[in-house]
Amino acid sequence: MRLISLLSSLAVCLLLASHSVAAEGELDALRGNVPLLEEPEPEPLYRVEDRGLRQVREYPMQPPTIPHRIDNYQVDLNANRCMACHGRTRVGETQAIMVSVTHYMDRDGNFLGELSPRRYFCTQCHVTQSDAPLRVDNIFVDMSELIRGSRFSGQ
Amino acid sequence: MVKRIGSFLKSFWRTFRSPSGYFSLGFLTVGGFIGGVLFWGGFNTAMEATNTEQFCISCHEMESNVYQEILPTIHYTNRSGVRAVCSDCHVPHNWTDKIARKMQASKEVWGHIFGIIDTREKFLDHRLEMASREWRRFEANDSLECRNCHDEQFMDFTRQSSRAAAAHQRGLVEGDATCITCHKGIAHELPDMAGVHGWE
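Residue numbers (this note's numbering), protein chains in the order written: chain A, 7 to 161; chain B, 3 to 202.
Chain A extracted, bound-state conformation (with noise of 0.2 Å):
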């Protein structure tokens, strides 16, 4: 019995220390390590890209950027603005570009005649880009420096 008691205030002090370490250096992405009676500074809104220009992707398989803006674009049941555009009867009069292949396949492999519902919402993987500061360092390496660097050490 007094064991266990003393293994749960352990854990209990474990805890704390652990929250008071995250509150002091690390990064509180929900009210930015303002105290909770306080109203915090709220992020200004950073511009979105919206040069339309292609991005290099950062691995084969990355889903492309969006390079535009995408405010209000309605993707619903009803309508999907995104492929509005990039639809594949509608790139001739848009001259947007086609999204992948990929796109009307459902997830066996056989080709459907449009769009598969499993692909349906584009932002749950291509997302604009703004000029937003980094909250966090990055440290992505692109995999083709990797090998670059690895055959200059190699040799």
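Simulated from the structure, these hints should not be mistaken for laboratory data. The structure presented is a predicted model; accordingly, all values stated were derived computationally and were not measured. All residues carry an ideal CB built from backbone N, CA and C; glycine is no exception. Hints may contain errors.
[Said to hold, decoys possible] With beta-carbon atoms standing in for the labels, derived distance ranges: (1) A/R60 <-> B/N46: 53 to 61 Å; (2) B/E176 <-> A/G115: 21 to 29 Å; (3) A/N116 <-> B/R161: 21 to 29 Å; (4) B/E131 <-> A/D137: 37 to 45 Å; (5) B/D158 <-> A/D148: 34 to 42 Å; (6) B/N46 <-> A/P123: 48 to 56 Å; (7) B/F57 <-> A/R37: 42 to 50 Å; (8) B/A102 <-> A/T134: 40 to 48 Å; (9) A/T134 <-> B/Q171: 19 to 27 Å; (10) A/P123 <-> B/F45: 35 to 43 Å.
Fit chain B to the given chain A structure using the hints.
Leaving out everything else, chain B in the frame of chain A:
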């Protein structure tokens, strides 16, 4: 009954035709002028009153459906504080077209009185039909209400994003598209677009 109406009309016409025996010419002309000004001013004021946002959303069909949907869009909430209210897009600005539209709108009063879209479900059932009517109107008048503010002659294509400039050049300047061809659903939510051209 018909006979009585006929005799009333006949006596009215006789009085209407005969010259005035009591009022001076000055009274009749000046009075007629002032009466005309009052009538015309009152008529236009009343018509302007039906062009306000307050008037439109006094019907709950407008207030709880289409009005709620325009609130987050660029035509209502934007950085420069220019706002397009209902009548800016849905009523022509020049007089003859405006009167014609106002006469058509009497059907909407009928719809309100008889509750054709008085629930959300009924509204959604009729949404495609109502939206299609507006799209047809915009296509027929070359998006006149858009062009009260936007005109490709006045657009600085170099200030647009490259894809917007290319699309406007291709559609508006070289092609035969009009604003609504591409910009459906810019201010309100879209109905089920299956079967609508351009939406698959």
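Outcome of the hint check:
The given range of 53 to 61 Å is respected by A/R60 and B/N46, whose C-beta atoms sit roughly 54 Å from each other. The supplied range of 21 to 29 Å is broken by B/E176 and A/G115, whose beta-carbon atoms lie about 41 Å from each other. About 46 Å separates the C-beta atoms of A/N116 and B/R161, a value inconsistent with the hinted range of 21 to 29 Å. Between B/E131 and A/D137 the C-beta distance comes to about 44 Å, which sits within the given range of 37 to 45 Å.
Taking the beta carbon of each, B/D158 and A/D148 are about 38 Å apart, inside 34 to 42 Å as hinted. With their beta carbons about 54 Å apart, B/N46 and A/P123 fall inside the hinted range of 48 to 56 Å. Range check, B/F57 to A/R37: about 44 Å between beta-carbon atoms, so the 42 to 50 Å window is met. For the hinted restraint 40 to 48 Å between B/A102 and A/T134, the CB-CB distance of approximately 43 Å keeps it satisfied.
Hint check: A/T134 to B/Q171, Cβ distance near 24 Å, so the stated range 19 to 27 Å holds. Here the CB-CB span from A/P123 to B/F45 is close to 55 Å, at odds with the stated 35 to 43 Å.
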